[in-house]
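Protein chains: 2
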Amino acid sequence: MNFFSKRHFFLALFVAVGANPVMAKSLPLPAWNNGATKQKIIDFVDRVTDPNSNDFVPKAERMATFDNDGTLWSEYPVVQFVFMGERLKQLLPSHPEWKDDQAVQAAINGEIEYFIKNGHQVFRKLFEITHSGMSRTEFNKMAEEFFETAKHPKYNVHFTKTKYQPMIELLSYLRDNGFQTWLCSGGGTDFMRAMSYKTYGIPPEQVIGSIGGFEFISKNGQEELVKTSTVLLNNDKQGKPVGITIQTGRTPIFSVGNVRNGGDIAHLTFTNGNQKPHLELLINHDDSNREFAYAEDDNASLKAAKKQGWTVVSMKDDWNQIFSFE
Amino acid sequence: MNFFSKRHFFLALFVAVGANPVMAKSLPLPAWNNGATKQKIIDFVDRVTDPNSNDFVPKAERMATFDNDGTLWSEYPVVQFVFMGERLKQLLPSHPEWKDDQAVQAAINGEIEYFIKNGHQVFRKLFEITHSGMSRTEFNKMAEEFFETAKHPKYNVHFTKTKYQPMIELLSYLRDNGFQTWLCSGGGTDFMRAMSYKTYGIPPEQVIGSIGGFEFISKNGQEELVKTSTVLLNNDKQGKPVGITIQTGRTPIFSVGNVRNGGDIAHLTFTNGNQKPHLELLINHDDSNREFAYAEDDNASLKAAKKQGWTVVSMKDDWNQIFSFE
Chain Z
1 MNFFSKRHFF LALFVAVGAN PVMAKSLPLP AWNNGATKQK IIDFVDRVTD
51 PNSNDFVPKA ERMATFDNDG TLWSEYPVVQ FVFMGERLKQ LLPSHPEWKD
101 DQAVQAAING EIEYFIKNGH QVFRKLFEIT HSGMSRTEFN KMAEEFFETA
151 KHPKYNVHFT KTKYQPMIEL LSYLRDNGFQ TWLCSGGGTD FMRAMSYKTY
201 GIPPEQVIGS IGGFEFISKN GQEELVKTST VLLNNDKQGK PVGITIQTGR
251 TPIFSVGNVR NGGDIAHLTF TNGNQKPHLE LLINHDDSNR EFAYAEDDNA
301 SLKAAKKQGW TVVSMKDDWN QIFSFE
Chain S
1 MNFFSKRHFF LALFVAVGAN PVMAKSLPLP AWNNGATKQK IIDFVDRVTD
51 PNSNDFVPKA ERMATFDNDG TLWSEYPVVQ FVFMGERLKQ LLPSHPEWKD
101 DQAVQAAING EIEYFIKNGH QVFRKLFEIT HSGMSRTEFN KMAEEFFETA
151 KHPKYNVHFT KTKYQPMIEL LSYLRDNGFQ TWLCSGGGTD FMRAMSYKTY
201 GIPPEQVIGS IGGFEFISKN GQEELVKTST VLLNNDKQGK PVGITIQTGR
251 TPIFSVGNVR NGGDIAHLTF TNGNQKPHLE LLINHDDSNR EFAYAEDDNA
301 SLKAAKKQGW TVVSMKDDWN QIFSFE
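Protein sequences, first through last, are from chains Z and S.
In this text, residue positions in the first sequence follow this note's numbering: the first is 1, and each later residue adds one.
In this text, residue positions in the second sequence follow this note's numbering: the first is 1, and each later residue adds one.
Worth flagging that the hints you see were computed from the coordinates, not collected in a lab.
Treat the hints with care, as some may be off.
One copy or two, it doesn't matter: identical chains are merged, so the pair holds either way.
Straight-line C-alpha distance at most 20 Å; calculated SDA-like pairs for lysine to any residue [unchecked claim]:
id: 1; residue 1: K161; residue 2: P277
id: 2; residue 1: K40; residue 2: S94
id: 3; residue 1: K154; residue 2: A300
id: 4; residue 1: K89; residue 2: E144
id: 5; residue 1: K59; residue 2: R175
id: 6; residue 1: K307; residue 2: V78
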């Protein structure tokens, strides 16, 4: 009964009697298959938005946080890593000394395994070259240009088109119910801000990411913000609750992350500790046909989900559409 | 004509014919004297909110930032410094070794001059003792308790009551016109979040302040955020454009700071560089009767105001009421 209860009931009635077939589209979350997962989401939203419910949460406190890579869009390959490679490719002509540099070549060819094998330091150096030393305006232009031109190697669409249709629907559905929807990703804040509004409807002030430093300095008689190589916060794993707190001072009541390397365990644990009603979703990449199937060696994320009662989303079973471009 | 133009015209008409004397209160900014300063504010808001104006700014980009100490409330004494003294007083019984500690006694007695003379290090040590090592929840409780009990030495009211009535009106007026109103202060983010909503109607996610670190760690089987002594950002002077950028990714179109030590020069310079229409206000503390009169040795803030065309607000001449408690 719950799914068609309250405001859904009348819509369902219209649909049933064929009064207005267009209204069938108004049922929430069409790319989600009917079933326990979808039901849980709708039940939760109904409860926290119903002023007569014991679980009612005032609008100002309805904060939802979403990981990005592997949660809102595909993370094979990691998009910011591709951006780094593209930037290096553009810089190559003015750096002949890079011609035989293995790390630079690996980055340009998208070989992330090279960096997993050869450690953090060499990666960090290339990250600094491509992500600091320029003004904020210049960096924004580079990132925007990347999003308008670069394409996903498998799907041959712009990377922003690899966003997951069910998640786009979920973002809208939550916003329609008075939620603030925030990004909370290990990606760089500036990089994500270059596409978050156009892609997800998330404004720049609601993007929480890894934070790089800035200097506000005079350049040609004009004050401007220049990106430095300082990392103020790595917004991954235990860093996510810190990033959320620094930027919002709130604890979310709804959070979504995904299985890959335990990157969202602390994120969802933080939300799970909220005294208010809360819901955590963990996306499981189990659809090798339509997307990619991958798991963790230690199953840490799924174990945490079981222990804390998070809802595991099966891309294979819970989603009838994966990408927005399908 | 501009002041009574558009939506103000009809209100003015009602007032003029005495149709409804209550509506006289609907005229904006009653605690501001009619004159050039008030006119400038109203003209600006009219221009950026009028879809037919060349200066129209979409709602999402109407971001306003406000310094806190000396801009929204009185900064004699600096409230967070009083909080530090109160905390040390509470800790004193369990620290008998502090009995003859000059720095501790100076902090308890509110002698900020001691720290100006004896350097930053000793201040920083006391700041760490009172602002880190506890969980975020514990710190919030301490700050909230302080705001509910401690009183201003001159006015004998809670510190939050020393907010300036004209600024409270300005915050509301901007919000009524679709602006986001943000705090942007050198004060600690957590400290300000304990009172920003109740005092100014500014929610925690719109508080930009100096940022301290956190650790998300397990304590008695419960994960919690513990405040560390790391300072990630000193949100003062050149730090303010950095703090605004980190948290919002936007450049404000309206900013307010005050004369004291040049703390808002970079803040207002940043806004002044916005390609969109923008307005900067600089509060001048020139009212020794009703508040405090103070200036800068080098007049740097007033000089910057003149050079960049900021609007200087005279508390003496522009405000017919200073405090909300009057």
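request  = Could you tell me which of the hints above the structure violates, numbers in ascending order?
outcome  = Of the numbered hints given earlier, those the structure breaks are 1, 2, 3, 6, listed in rising order.
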